[in-house]
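Number of protein chains: 2
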Amino acid sequence: MIFRQLFEAETSTYSYLLGCERTRRALLIDPVASEIAEYLELLNSHHLKLIYTLETHVHADHITGAGLLREQIGSKSVVHRDAGAMCADLLVTDGVSLQVGDLDLQVRHTPGHTSGCVSYVMADRVFTGDALLIDGSGRTDFQQGDAGQLFDSITYKLFTLPADTLVYPGHDYQGNTVSTIKQEIAKNARMGKGRTRDEFIAIMQDLKLAYPKFIDKALPANQSCGLVTAEK
Amino acid sequence: MIFRQLFEAETSTYSYLLGCERTRRALLIDPVASEIAEYLELLNSHHLKLIYTLETHVHADHITGAGLLREQIGSKSVVHRDAGAMCADLLVTDGVSLQVGDLDLQVRHTPGHTSGCVSYVMADRVFTGDALLIDGSGRTDFQQGDAGQLFDSITYKLFTLPADTLVYPGHDYQGNTVSTIKQEIAKNARMGKGRTRDEFIAIMQDLKLAYPKFIDKALPANQSCGLVTAEK
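If you read the sequences in order, they're chains Y and D.
Be aware that the first sequence starts at 1, since it is given in full-length UniProt numbering, and climbs by one per residue.
Be aware that the second sequence starts at 1, since it is given in full-length UniProt numbering, and climbs by one per residue.
Since the hints were derived computationally from the structure, they do not count as laboratory data.
A few of these clues could be false.
[As the list claims (entries may be wrong)] The calculated lysine-lysine pairs, modelled on DSBU-like cross-linking and capped at a C-alpha distance of 35 Å, are:
| # | chain 1 | residue 1 | chain 2 | residue 2 |
| --- | --- | --- | --- | --- |
| 1 | Y | Lys49 | D | Lys182 |
| 2 | D | Lys49 | Y | Lys182 |
| 3 | Y | Lys49 | D | Lys49 |
| 4 | D | Lys49 | D | Lys217 |
[Stated by the list, open to error] Beyond 10 Å from chain D on every Cβ pair, some chain Y residues (computed):
| # | residue |
| --- | --- |
| 5 | Thr11 |
| 6 | Leu42 |
| 7 | Asn176 |
| 8 | Lys187 |
| 9 | Pro220 |
[To be verified] Examples of chain Y residues lying across from chain D (beta carbon under 8 Å, computed):
| # | residue |
| --- | --- |
| 10 | Ile51 |
| 11 | Ile73 |
| 12 | Lys76 |
| 13 | Arg81 |
| 14 | Asp89 |
| 15 | Leu91 |
| 16 | Val92 |
| 17 | Thr93 |
| 18 | Gly95 |
| 19 | Val96 |
| 20 | Ser97 |
| 21 | Gln99 |
| 22 | Val100 |
Think of the CB as a built atom: it goes at the ideal place given N, C-alpha and C, for glycine as much as any other residue.
With these hints in hand, go ahead and build the complete structure from the sequences.
Here you go:
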């Protein structure tokens, strides 16, 4: 498998390129619009054909590159049915499998940060978007966020994966790149160390985070696969 | 490839089983609820795992087996986003590719019989549902039917396929099993022989067909993947 973790520094966003060595088919998880040139160069240099771009959710902090990639190289955009992005080509739900060459992804619905959040499980790794972060979690104070629901998603849909499963999040703000389910169960400041549901909800309620600076531009744009930006 | 054309005699419905010999993964196009036992036996005897059931549209004449198969063996239900069957697990649109083992299907949106009709193209064959039938076409007098739209779908989305492409329809009432794009362009009584759009619309308007006898039961049931039947 060809695998690249890609980082967009302005919003500390991770995107992931996964390619099948046998068929040269590829997918991109959470592409960022500003990084399109880098993706096209990577795909070219590895002789990969991009089949799908997969969103873990409708992002509030950056604009997706899904629409631009569809326009330029014909890749199809994948998102959860409840994400509110009817621009997408393929709407998925919990438990669906998608195959790209020899790569086999399973969708897990992990709402709580937003109602349409999913994680993508592939072999020894899981792409958790903004549900489970390394030593943290997505915030739950906007976009249908619900701390109790996020606790349940992480507890029942992610912490039940094999302990050595690699955790690749949608963001990291401290330079961490990867973790494991075992490590997050043991160490995650919000969700690990045996935290209860009520403790998690209380932690999330006390965060008092600033209103996301890009949200009013990013949300409507991402509901249109990144192709339409809202009026300022 | 493992391939079986299956026939349900009461409504003259064709269903199709396609299996990948290498991975033993399979899909079923337009399964019928009453035939579930046969499908399960076929899957078992060929050691196949059913990944997807794919609907060409929401049927008005029989009840889909998608929901029952999902309940019994965990297959996921695929339908067009505009079909009005939000029970489905995977909602597709024109141009999307789906892979099952080494089988590679492409979705072509072919509305006109219903607004959510699709055809599935795979290698040397196309599964046309009730858009293009052998020497005929689906009716266009209910369920958002539109004769002009169906003419365009068949002309631009199906008749543009390679001439030798095998045509496997959703029904046949005369014992025909398979045709080719070349044959339908040359011989189809409604659509072939150089028929114009206006001629096709006039033919469809003159058909004066009886109200479909199962429609009041089948439509609501199929909008729920076949699991709920309407009150009589």
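Now for the hints, and whether the structure bears them out:
1. Y:Lys49 with D:Lys182: 31 Å, holds
2. D:Lys49 with Y:Lys182: 31 Å, holds
3. Y:Lys49 with D:Lys49: 27 Å, holds
4. D:Lys49 with D:Lys217: 30 Å, holds
5. Thr11: It holds; Y:Thr11 is separated from chain D by about 29 Å at its closest Cβ, greater than 10 Å.
6. Leu42: For Y:Leu42, whose nearest Cβ neighbour in chain D is about 21 Å away, the distance exceeds 10 Å, so it holds.
7. Asn176: Correct as stated: the minimum Cβ-Cβ distance to chain D is 33 Å, above 10 Å.
8. Lys187: 34 Å, holds
9. Pro220: Answer for Y:Pro220: holds, closest chain D Cβ roughly 20 Å.
10. Ile51: Check passed: Cβ of Y:Ile51 comes within 6 Å of chain D, closer than 8 Å.
11. Ile73: 13 Å, violated
12. Lys76: 5 Å, holds
13. Arg81: At 6 Å from the nearest chain D Cβ, Y:Arg81 passes the 8 Å test, so the hint holds.
14. Asp89: Cβ of Y:Asp89 sits 5 Å from chain D, so the hint holds.
15. Leu91: 4 Å, holds
16. Val92: 6 Å, holds
17. Thr93: Since the shortest Cβ distance to chain D is 5 Å, the answer is holds.
18. Gly95: Because about 7 Å separates Y:Gly95 from the closest Cβ in chain D, which is inside the 8 Å limit, the hint holds.
19. Val96: 5 Å, holds
20. Ser97: Holds, about 6 Å.
21. Gln99: This interface hint holds because 4 Å falls under the 8 Å limit.
22. Val100: 7 Å, holds
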